[in-house]
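The task is simple: from the sequences and hints, build the whole structure.
As given, the protein sequences belong to chains G and E, one line each in that order. Letter 28 of the first sequence, counting from 1, is numbered 182 in the numbering used here, and no numbers are missing. Letter 348 of the second sequence, counting from 1, is numbered 354 in the numbering used here, and no numbers are missing.
Careful: at least some of the hints might be erroneous.
Computed spacing ranges between beta-carbons, pair by pair [what the hints assert, rightly or not]:
id : chain 1 : residue 1 : chain 2 : residue 2 : range
1  : E       : Val325    : G       : Ala489    : 51 to 57 Å
2  : G       : Ala489    : E       : Pro349    : 53 to 59 Å
3  : G       : Gly248    : E       : Ala370    : 38 to 44 Å
4  : E       : Pro256    : G       : Arg326    : 28 to 34 Å
5  : G       : Ser396    : E       : Thr304    : 47 to 53 Å
Listing some non-contacts, in silico: residues in chain E with all C-beta distances to chain G over 10 Å [what the hints assert, rightly or not]:
id : residue
6  : Glu28
7  : Ala43
8  : Gln47
9  : Thr97
10 : Thr120
11 : Pro148
12 : Arg185
13 : Pro255
14 : Ala321
15 : Thr330
16 : Ser398
17 : Glu399
18 : His408
Keep in mind that the hints were calculated from the coordinates and are not lab data. Heads up, the beta-carbon is just placed ideally off N, CA and C, and yes, glycines get one too.
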Amino acid sequence: MKRALLLLALVACGGDDGGDPACDIPGSGPGVDPSGAWCEQLSSYRLFTDLASQAPADGVIPYAINTPLFSDYAVKDRFVWLPPGAAMQWSDAGAFAMPAGAVVVKTFGYLADRRDPGQGRRLLETRLLVRAEDGWSGASYVYAEDDPSDAKLAIAGAMLDTRWIHDDGSERTNRYAVPNKNQCKNCHAEADEVIDLLGPKARHINRDAQLEHLIELGALTGAPAPSTWPRAPVALDPATGSLDARARAWLDINCANCHNPRGAARTSGLYLDLAQTTPVDFGVCKPPVAAGRGSGGRAFGIVPGQPDASILVFRIESTEADIKMPELGRNLVDAEGLALIREWITQLPGSCP
Amino acid sequence: MISRFLVAPLLFTACGEADPCEGVTGVCLGLTAGASATEVQTAMIEVPVGGTIAFGAGTFRFESDLSLDVDGVTIRGAGQDATILSFEGQTSGAQGILVTGDAFTIHDLAIEDTAGDSLKILGAKGVTIHDVRVEWTGGPKPTNGAYGLYPVQCEDVIIEDSVVEGASDAGIYVGQSHRIVVRNNRAELNVAGIEIENSTFADVHGNTATNNTGGILVFNLPGLDVANGAGTRVFDNEIFENNTENFAPPGNIVGKVPTGTGIAILAAHQVEVFGNTIRDHLSINIGVISYVPIGSFTDPQYDQYPTAIDIHDNALSGVANVPTGELGAAMITAIGELRPNGPFIVPDIAWDGVVDPARVPGAAGDKLCIRGNGDADFINLGWPLNMGDVPSESMAPHDCAHAPLPAVDL
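Below, the structure is given as structure tokens:
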């Protein structure tokens with residue numbers, strides 16, 4: 155989407171809320187104008203029949219992924235909408251290719267009480283990635299705390315003060331950060347500064363017969379025989395894979411969007427994507443480069459057998475702005491993910507010089 | 007408050023404040039004192055290619071980092087003491103400002119107290135920074151951000167007439183970049199004043215580096231995307247009294263820079279150091295080392311031996327008698343072998359003496375050349391000391407010259 159610039163608006167010194175760019179989605183069902191401006195209101199896209207309950211409109215397909223990115227304990231709903239008659243194209247390892255006009259939707263919210271989802275949730279934001287002929291573009295819409303019936307475009311992001319009852323019954327709070335439009339690229343431009351999808355990949359969606367369902371709907375074409383479909387483990391579920399596979403899957407989804415040879419963290423020389431098979435490339439006995447305080451005085455990214463000597467653990471368990479990893483989208487510690495990485499490092503064989 | 011204008015002549019302000027866009031041609035988004043972080047970030051998203059974002063005088067406060075991904079943008083302020091972007095208390099973002107757009111210019115403002123790096127510019131072709139002040143206002147502290155002005159994997163970088171104080175790694179740090187000019191800046195109270203790392207063709211001249219732990223560093227490090235930098239000229243700089251105790255957070259490579267270092271060259275190639283005034287350092291005026299004393303590495307591409315270093319026509323003075331850290335200890339040990347009864351004064355120029363066993367011994371093209379530096383003295387530390395190599399103070403093997411490196415013309 156192109157952002158319409160109101161260049162002619164002449165303002166003396168008062169506020170200017172940007173106005174509402176022309177937003178006229180034709181028809182009565184879901185849709186976007188991939189070459190137009192972002193709508194000011196999420197409801198304008200008619201992707202949901204009811205936003206407060208996240209009830210998707212006809213043709214808006216919900217899906218889940220095996221190992222989600224940690225987002226400060228927010229719960230997420232994912233949807234994809236494809237223009238009538240269009241389909242996603244299978245890819246073995248990469249994101250499914252999507253036609254112009256496709257929309258990928260992710261809604262973030264906090265359960266009132268994580269022990270009892272029935273108590274409802276507070277909606278925070280819905281992020282849209284819209285496919286134009288020449289690529290993806292993203293923006294987020296933020297819900298007012300007292301009125302989740304619609305959400306408003308937040309080009310520059312937002313900070314939302316939140317609270318909930320945690321798994322252990324304790325009351326938790328967070329100053330939740332809605333990313334700004336540039337920050338979409340931090341994670342979604344995995345390589346070469348081109349925005350791409352993270353979740354809609356065969357290995358992530360391959361669960362609960364979701365792929366079969368997409369094929370049945372005609373929403374996914376080009377899939378090979380089911381026996382060849384890749385499947386990422388559920389990082390926190392030991393029944394779904396070996397410790398090594400689950401730890402690598404967790405690093406892949408949480409870190410590798412930047413930490414890959416062409417990603418935003420390429421300058422570090424630390425690559426945490428699944429393609430890496432040489433231990434030093436994914437941090438084993440790798441010294442830090444420009445980590446600043448991020449090294450925590452530790453000599454290597456991963457010291458086999460010694461999580462408390464490993465920089466990865468230091469950064470995963472930190473909440474300080476210039477130390478924590480990932481840099482974006484996290485204020486809180488992912489206690490369960492941290493435990494997994496600790497367990498994995500503890501049993502890694504070998505030692506560092 | 008954010009205001010949007012097509013061209014400067016249309017500007018109109020009615021509330022008595024100077025218009026930040028005054029005199030700017032092309033599209034200019036003006037931000038006056040009181041503009042919110044949201045308004046500033048919105049301007050950085052909506053600014054068109056080639057446009058200008060102009061801050062007025064005043065202090066602008068941010069709790070999260072800002073980012074710019076549009077090409078050809080100029081960010082300007084009303085002066086490095088008049089326009090202050092303050093990140094004091096920043097809770098989100100590993101830097102103050104992240105720029106990924108090409109042909110970027112920033113000038114006449116200050117960036118203060120970022121939690122991490124101050125101004126990071128990643129992968130941009132064309133970077134011009136002038137009259138910018140970066141400062142951690144609480145003085146040198148390990149909790150300060152790592153880098154001040156921080157272009158990495160960029161091309162055609164100019165940093166001039168700027169000031170950086172308080173970085174817990176390097177004040178001005180250009181890494182993994184190509185064609186760089188760093189001139190007429192002042193770097194003070196950082197761990198490293200100015201650092202060129204894994205970069206090719208850099209001119210560092212006319213700068214003042216003082217009160218840092220180390221004045222100017224030219225480093226090549228292993229394990230990086232862009233390896234084996236070469237072609238750095240360090241000339242006509244004033245480098246003095248860089249004796250601030252090393253306050254780098256533990257574990258960082260600059261933490262190994264001995265407190266009181268003028269120039270340090272680590273595993274770099276084709277470095278020409280000339281015309282500098284370097285004086286009054288507690289550890290060493292100029293040190294040249296390989297990565298061997300630093301540690302082990304596993305990068306097969308990495309060349310850990312400094313080659314083709316030419317140190318000539320500098321004015322070196324002062325008494326270095328308090329060398330610190332592991333490298334300082336190595337110097338004390340070597341001097342002790344040569345002069346068991348002292349004085350334990352470190353010569354002006356020290357080299358670890360490590361040569362690549364795979365290279366032709368003494369090949370002219372690889373040599374460390376030292377000449378014309380007045381009465382400056384020298385020590386070859388003969389590292390490692392317990393392996394039969396003997397320290398030496400003879401400069402005769404280094405009486406040579408390399409062809410002058412070309413100027414970087416941007």
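To see whether the hints hold, each was checked on the structure:
1. With their beta carbons about 55 Å apart, Val325(E) and Ala489(G) fall inside the hinted range of 51 to 57 Å.
2. The hinted window of 53 to 59 Å between Ala489(G) and Pro349(E) holds, with their beta carbons roughly 58 Å apart.
3. Taking 38 to 44 Å as the suggested C-beta distance range, the pair Gly248(G) and Ala370(E) does not conform, at roughly 51 Å.
4. Distance hint check for Pro256(E) and Arg326(G): the Cβ-Cβ separation is about 32 Å, which falls inside the suggested range of 28 to 34 Å.
5. A hinted range of 47 to 53 Å is violated for the C-beta pair Ser396(G) and Thr304(E), which are about 25 Å apart.
6. Separation of Glu28(E) from chain G is adequate, the least Cβ-Cβ distance of about 14 Å exceeding the 10 Å criterion.
7. Annotated as non-interface, Ala43(E) brings its C-beta within 10 Å of a C-beta of chain G; the closest such distance is 8 Å.
8. A beta-carbon of chain G comes within 10 Å of the beta-carbon of Gln47(E); the shortest separation is about 4 Å.
9. Consistency note on Thr97(E): stated as away from chain G, yet its beta-carbon is not over 10 Å from all of that chain's, at 6 Å minimum.
10. With a cut of 10 Å on Cβ distances, Thr120(E) falls inside the contact zone with chain G, its closest approach being about 8 Å.
11. Look at Pro148(E): its CB is around 7 Å from the nearest CB on chain G, not clear of 10 Å, so calling it non-interface is violated.
12. Interface exclusion of Arg185(E) from chain G stands, the closest Cβ pair being 18 Å apart, more than 10 Å.
13. Residue placement check: Pro255(E) does not keep its beta carbon more than 10 Å from all beta carbons of chain G (closest about 4 Å).
14. The Cβ of Ala321(E) lies farther than 10 Å from every Cβ of chain G, with a closest approach of about 32 Å, so its non-interface assignment holds.
15. Distance check for Thr330(E) against chain G: the nearest CB is about 18 Å away, which clears 10 Å, and the non-interface claim stands.
16. Non-interface status of Ser398(E) relative to chain G is upheld: no Cβ of that chain comes within 10 Å, the nearest being about 29 Å off.
17. Non-interface call for Glu399(E) relative to chain G: holds, since the shortest CB-CB distance, roughly 32 Å, exceeds 10 Å.
18. Every beta carbon of chain G lies more than 10 Å from that of His408(E), the smallest distance being close to 29 Å; the non-interface claim holds.
This entry does not satisfy hints 3, 5, 7, 8, 9, 10, 11, 13, going by the numbered hints stated previously.
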